[in-house]
Amino acid sequence: MTFINYAAREINCKIVYYGPGLGGKTTNLQYIYSKTAPERKGKMISLATEADRTLFFDFLPLDLGTIRGFNTRFHLYTVPGQVFYDASRKLILKGVDGVIFVADSQPERMEANVESIRNLEENLRDHGFDLVTMPLALQFNKRDINGAVPNDEMYRMLNYKREPTFEAVAMNGLGVFDTLKSVAKQILVELRKR
Amino acid sequence: MSLARMEVYEEEFRHLEGSLRRLRLDANAKAVFLIDRNGQHIAAAGDTDQFDSTSLASLTAGNVAATDGLAKLIGESEFSVLFHEGQRDHIHISIVARRAILLVIFDERSSLGLVRLRVKRASTEMEGVFEQMDQKSEVGAQGEPEPSPFSEITDEDIDALFSE
Ligand SMILES: Nc1nc2c(ncn2[C@@H]2O[C@H](COP(=O)(O)OP(=O)(O)OP(=O)(O)O)[C@@H](O)[C@H]2O)c(=O)[nH]1
Ligand SMILES: [Mg+2]
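Chains A and B are the protein sequences, given in the same order. Our numbering puts the first sequence at residues 1066 to 1259. Our numbering puts the second sequence at residues 331 to 494.
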């Protein structure tokens, strides 16, 4: 839910990174955190298991500067991708303005990718949202691994509505900011439509 | 209020801040925060500088959301109040007007009973303000819409955000 504070002249938007377990959602946030100037970011919060799997969420507030005199902030969240955390995953989608779907390019994770998109669709619906109209970007992550599923094949299986799609290697940052920008733009364009 | 957007205007913002300031004084609290249920910071009063309000907002909303999930699991609609007791500082969390979260941080200079009492009064006040906000956005949605500063956003504006 976009939160516009006219008194403080602030716009706050919420972006959620979704996708199967170990796909690289947390890694996306870590990279963004590491490359963002201190005055443009808040603290990154990771509620994780001892094995570094996301337990509830990661959170990173970004301050992108002003647009029409309004300070524009994006709150980035990741969900826990492991299947059995579905209840927590659903909670994080509350009030979401845009989704980045991080897909894993390993052949053995294709089923998990597909299942996760279905799960996203369903969990959004429970909040009264429709993935068809939700700002969305698709990221094919782990393009660096041997035997990565070819791009066009992934697109065929995972593309939902011809959303902008990006190849990525989140570990070293390839594609990370492009994906984020794409969704941020879509959200601001929605704002313009009103 | 639409599902997709919450807007706070100057007037209501001042009212909310006023209620928070009074609550802070009356309850003898260190700081009070008003947070929307999605984790956005709305307003605050007191010694807010010593706290990271953005992190507080996000974690509080996560906490409330998780507790709500628990409530539903056992057939309750919600747990209306959460209390976390620390060695020095304590946290009182409650829901205002079904959509916002009131967080009160206090220490031994206050007490749970006092905080409870004062939170009740402040909540009633703030509920009125939220109703007023709803009326405003309804008027905006049907009749004369307030001119939105965002209808004029250009692609260049958006690109500029990411240029640095
Ligand atoms: N080879 C390769 N490994 C990656 C890439 N991105 C992330 N990883 C690794 O994949 C593992 C899982 O990454 P996370 O970012 O924790 O995955 P996640 O999606 O947050 O997982 P959950 O929290 O369980 O949902 C880590 O060991 C990362 O280092 C990538 O682009 N290439
Ligand atoms: Mg993670």
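Please note: incorrect hints may appear among the correct ones.
Stated by the list, open to error - The calculated BS3-like cross-link candidates involving lysine-lysine, where the alpha carbons are at most 25 Å apart (straight line), are: (1) A:Lys1226 x A:Lys1106; (2) A:Lys1250 x A:Lys1100; (3) B:Lys360 x A:Lys1108; (4) A:Lys1155 x B:Lys402; (5) A:Lys1258 x A:Lys1226; (6) A:Lys1250 x A:Lys1226; (7) A:Lys1226 x A:Lys1155; (8) B:Lys466 x A:Lys1258; (9) A:Lys1246 x A:Lys1226.
To be verified - DEER-style ranges, computed between Cβ atoms: (10) B:Asn358 x A:Glu1186: 45 to 53 Å; (11) B:Leu400 x A:Arg1133: 36 to 44 Å; (12) B:Glu415 x A:Asp1217: 54 to 62 Å; (13) B:Arg429 x A:Arg1227: 46 to 54 Å.
No wet-lab data here; the hints were simulated from the structure. The beta-carbon is built from N, C-alpha and C at its ideal position, and this holds for glycine as well.
Status of the hints after comparison with the structure:
1. Restraint check for A:Lys1226 and A:Lys1106: not satisfied, since their Cα atoms lie roughly 32 Å apart, outside the 25 Å limit.
2. Only pairs whose Cα atoms come within 25 Å are accepted, and A:Lys1250 paired with A:Lys1100 is accepted, the gap being roughly 20 Å.
3. For the given pair, B:Lys360 sits about 22 Å from A:Lys1108 by alpha-carbon distance, which is consistent with the 25 Å threshold.
4. As the CA atoms of A:Lys1155 and B:Lys402 are separated by approximately 14 Å, the hinted pair is consistent with the 25 Å bound.
5. Taking the CA atoms of A:Lys1258 and A:Lys1226, the gap is about 20 Å. The hint holds against a cut of 25 Å.
6. A C-alpha spacing of about 17 Å is found between A:Lys1250 and A:Lys1226, which places the hinted pair at or below 25 Å, so the restraint holds.
7. Distance restraint check for A:Lys1226 and A:Lys1155: the Cα-Cα separation of roughly 22 Å lies within the 25 Å cut-off, and the hinted pair is therefore satisfied.
8. For the suggested pair B:Lys466 and A:Lys1258, the alpha carbons sit about 19 Å apart, so the restraint of at most 25 Å is met.
9. For the hint linking A:Lys1246 to A:Lys1226, the alpha-carbon distance of about 18 Å falls within 25 Å, and the restraint holds.
10. With their beta carbons about 49 Å apart, B:Asn358 and A:Glu1186 fall inside the hinted range of 45 to 53 Å.
11. One distance hint, 36 to 44 Å for the beta-carbon pair B:Leu400 and A:Arg1133, holds here, with the actual separation near 41 Å.
12. Remark: the range hint 54 to 62 Å for B:Glu415 to A:Asp1217 is upheld by a beta-carbon distance near 57 Å.
13. Taking 46 to 54 Å as the suggested C-beta distance range, the pair B:Arg429 and A:Arg1227 does not conform, at roughly 35 Å.
In summary, the structure is inconsistent with hints 1 and 13 from the numbered list given earlier, while agreeing with the others.
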